[in-house]
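Undergrad: So you can see what is in the structure, the chains are spelled out below.
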Amino acid sequence: MQVIVNGEPREVPDDATVESIVETVTRAPSGVAVALNGVIVRRGDWATTAPREADRLEVLTAVQGG
Amino acid sequence: MSARTKDRAGERSEAMSDELVIGGESFESRLIMGTGGAPSMAALDEALVASGTELTTVAMRRVSPTAHGSVLDVLRRRGIRVLPNTAGCFTAGEAVLTAKLAREALETNWIKLEVIADERTLLPDPVELLTAAEQLVADGFVVLPYTNDDPVLARRLEQAGCAAVMPLGSPIGSGLGIRNQHNIELIVEQAAVPVVLDAGIGTASDAALAMELGCDAVLLATAVTRARNPAQMAAAMRHAVVAGRLAKAAGRIPKRRYAQASSPWEGIGGG
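Protein sequence lines, in the order shown, are assigned to chains A and B. Just so you know, the first sequence maps onto residues 38 to 103 in my numbering. Just so you know, the second sequence maps onto residues 1142 to 1412 in my numbering.
For reference, chain A alone in the conformation it holds in the complex (with noise of 0.2 Å):
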C-alpha cells in the first residue's frame, strides 16, 4: 500500500507499523516523534499502531533553530 511519509508517497508493506516505517527514515534511537493524521503516535503504541492506505506520517525531530 501507499501511505504518505513526510510529504513524499511511499510504498510500504500491507503488514507495515510505525515503527517498521519510522526505521526506514531514521535510526536515532531517541529525540524522534511521530503525528499520523496529524494526532500524535506515543513511541509505546508505535509497534501496534497499523497505518492505512493514502495515510500521512510525519516523523520529526530537533534541529537547529530559534
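Some hints could be false.
[What the hints assert, rightly or not] So the derived label-pair ranges between C-beta atoms look like this:
hint, chain 1, residue 1, chain 2, residue 2, range
1, A, THR61, B, GLY1281, 27 to 37 Å
2, B, ARG1393, A, GLU45, 53 to 63 Å
3, B, ALA1333, A, PRO46, 47 to 57 Å
4, B, ASP1214, A, ALA91, 33 to 43 Å
These are computed hints drawn from the structure, not numbers from a lab. Yeah, the Cβ is synthetic: ideal placement off N, Cα and C, and Gly gets one too.
Got chain A; can you put chain B on it based on the hints?
TA: Frame of chain A, contents of chain B only:
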C-alpha cells in the same frame, strides 16, 4: 570577623544566588540561546560554551536523511537544557501539535511558543498565540511565549498561566535592537513572571540595555550565530547580560542637563 566583613560576605552570597527561576527551575545564566543560523555544528558548540547558556532552543522539523550531526547531541554533551520551539507555525492548532510532538520527542513539557502572522515580519499573531497558550497551559506545558512588545498581550499571556513572557525587541533576525523601550519597561513593571527579551538583539549593548530595562533574561540566536566570530560574540553577550543585570541592581544616576563636577572645587591651588 567584623560586622562589616559579615555584611560583605552576605552581599556576596546574595549576588551568587541571583538565579533566574522559570517554571520552578533555576538557572545561573540569564542568557538563553537559539541555535539557528550557525555555520556548522562545531561553531555552534563553541558559541554555546562561550555564551555560558544553560537553556537553548531547537526547532522541530521532518527527519532529514542527509542531516549530519545532531544539535541534540551538542546540547546533551554540554549539559544544556533543551527548549523546543514552535517556529514556523501560523495557527494555534499547528503550534499545539508541534508542542506535543516536541514533548514526545524530547521528553520535556517546556515549550517556546511561537505563532507567527506572516513570513515577511515574523511578528507574532496575538490571537492565535493566546489561544495556543491557553490550550498548552491546560495540557500541562510550561509555556514561554514569544510575544509582541504589547503590555496588554503580555498581561493576558501571564493571566493564561504562561511561565514567562518573552517580548520582542524588534523583528526576528533584524538586529534592530529594542525599538520600544517604554513598552518593555511597562511589561517588566507589571509582570509577576520572568520577562525575557526575545528577538531583535544585534550586539552586546542591546543585550545589556534589555537587562538595564529590567528584563530577567535575554534570548538571542542570530546576533551570535551569524556574527563574523560567533564564539567571540557569544562571550560578549554573556558579559553584556551580566553587566546589564548588575547595572540595573546598582541603580543608575539620574540624567542631568548640565555637568556635575566629580572632583571637589575646594582647595584648588594656584588661585
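Undergrad: Confirm or reject each hint.
TA: Hint by hint, here is what the structure shows:
no. : hint                             : in the structure
1   : A:THR61 to B:GLY1281: 27 to 37 Å : holds, 33 Å
2   : B:ARG1393 to A:GLU45: 53 to 63 Å : holds, 57 Å
3   : B:ALA1333 to A:PRO46: 47 to 57 Å : holds, 51 Å
4   : B:ASP1214 to A:ALA91: 33 to 43 Å : holds, 35 Å
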